[in-house]
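Enquirer: Taking the hints into account, I'd like the entire structure generated from these sequences.
One letter stands for each residue in the lines below.
Protein chains: 2
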Amino acid sequence: MTGNSFCVALIHYPVYDKNGQVVTTAVTNLDIHDIARTARTFDADRYYVVTPVTDQQAMVSRIVSHWQDGWGATYNPKRKAALDLVSVAPSLDAARQDMAVRCGREPKIVVTGAAGRPGSVTCVELADRIAAGDDDYLLLFGTGWGMTEEVFSAADLVLEPIRGSGDYNHLSVRSAVSIYMDRLFGRR
Amino acid sequence: MTGNSFCVALIHYPVYDKNGQVVTTAVTNLDIHDIARTARTFDADRYYVVTPVTDQQAMVSRIVSHWQDGWGATYNPKRKAALDLVSVAPSLDAARQDMAVRCGREPKIVVTGAAGRPGSVTCVELADRIAAGDDDYLLLFGTGWGMTEEVFSAADLVLEPIRGSGDYNHLSVRSAVSIYMDRLFGRR
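Residue numbers (this note's numbering), protein chains in the order written: chain A, 8 to 195; chain B, 8 to 195.
Quick caveat, the hints were computed from the structure, so don't treat them as lab data. Predicted model only: the values in this text are computed from it and were never measured. A hint or two may mislead.
It does not matter which identical chain is used: a pair holds within one copy or between any two.
[Unchecked claim] List of simulated lysine-lysine pairs, BS3-like, C-alpha gap at most 25 Å:
no., residue 1, residue 2
1, Lys25, Lys115
2, Lys25, Lys85
3, Lys87, Lys115
4, Lys25, Lys87
5, Lys85, Lys115
Expert: Right under this line is the structure:
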């Protein structure tokens with residue numbers, strides 16, 4: 008991989024549950040498919056599904072294989088093209104390292120969340136930075152009730168939350184990834 | 008309902024399957040939830056789940072009730088707020104009529120699809136029209152391999168397809184709805 012790159016990662020650990028406890032959420036089939044299709048549409052280099060649970064890692068690999076090599080690859084080649092982007096990673100750090108190896112340099116880590124935070128960058132600002140081509144970016148999306156404070160603190164950049172028409176900000180992670188990707192990379 | 012309004016409809020019939028046959032697709036639980044959350048975020052007035060299959064209509068009602076009145080309403084009030092927008096409609100015409108009754112006038116029908124078509128309006132143009140407040144709009148989203156030609160022909164407006172970074176245009180309908188809503192109504 009040469010030049011400017013961006014990847015997305017869906018974080019199943021460490022995230023909060025409804026009560027603020029740090030948990031590992033379950034990987035869902037549709038998160039794999041929908042976000043892979045979005046990642047392919049907007050030309051991400053990898054889509055990391057991050058979970059420390061080995062059974063879940065195996066499940067992701069099985070689903071991806073079905074569409075890459077199994078019956079699914081013939082049935083729907085477009086889906087294969089999307090799922091080819093999926094990599095399983097046991098931790099955020101492993102995803103970061105994999106991307107660093109692929110790119111030959113450390114990516115900047117960008118976190119997203121539904122709550123506004125001081126010092127956030129806007130999508131326009133980040134799109135400009137990405138277009139400048141000086142860095143590679145790994146964009147993190149949380150499951151459950153969002154990534155832990157530690158993940159936010161350790162990140163290089165925090166991206167502004169998506170605001171709809173009012174105060175309701177409870178999009179699915181699949182919707183949030185789609186909107187962020189379009190704001191950053193969509194053609195109008 | 009007074010003033011300018013917009014609603015979304017997810018069409019399960021009439022749509023094409025992979026081979027160009029007109030079929031009825033199955034309603035999925037996640038289409039109900041994800042699109043309801045997106046509709047609430049961007050302040051749609053209703054989200055019509057359109058299917059002629061009575062068993063599927065009953066399933067939608069059961070799911071919505073669970074989150075409106077059942078255990079789900081207490082567990083997650085934010086989800087209730089989203090699912091309150093869901094109406095089941097046996098046909099596109101029934102959805103249109105329901106909206107006409109609610110608004111006191113016929114809505115303009117807007118279709119969306121992945122293929123480019125001559126005479127399409129852009130999201131910016133449609134957003135301007137909506138902001139002008141002269142009409143109400145019912146935005147149609149297809150399942151399966153997209154809505155039939157008859158639906159496109161009968162519509163008042165065709166909205167431009169979402170373009171990503173390349174030629175791949177196989178977003179999930181959940182992603183497409185999210186991106187269209189953000190392009191039309193999102194604050195930046």
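Enquirer: Could you run down the list of hints and mark each one as holding or not?
Expert: How the hints compare with the structure:
1. Lys25 - Lys115: neither (29 Å within a copy, 40 Å between copies)
2. Lys25 - Lys85: Between copies, since 12 Å is at most 25 Å while 36 Å is not.
3. Lys87 - Lys115: Result: close neither inside a copy nor across copies, 28 Å intra and 37 Å inter.
4. Lys25 - Lys87: Classified as between; 16 Å across copies, 34 Å inside a copy.
5. Lys85 - Lys115: neither (30 Å within a copy, 33 Å between copies)
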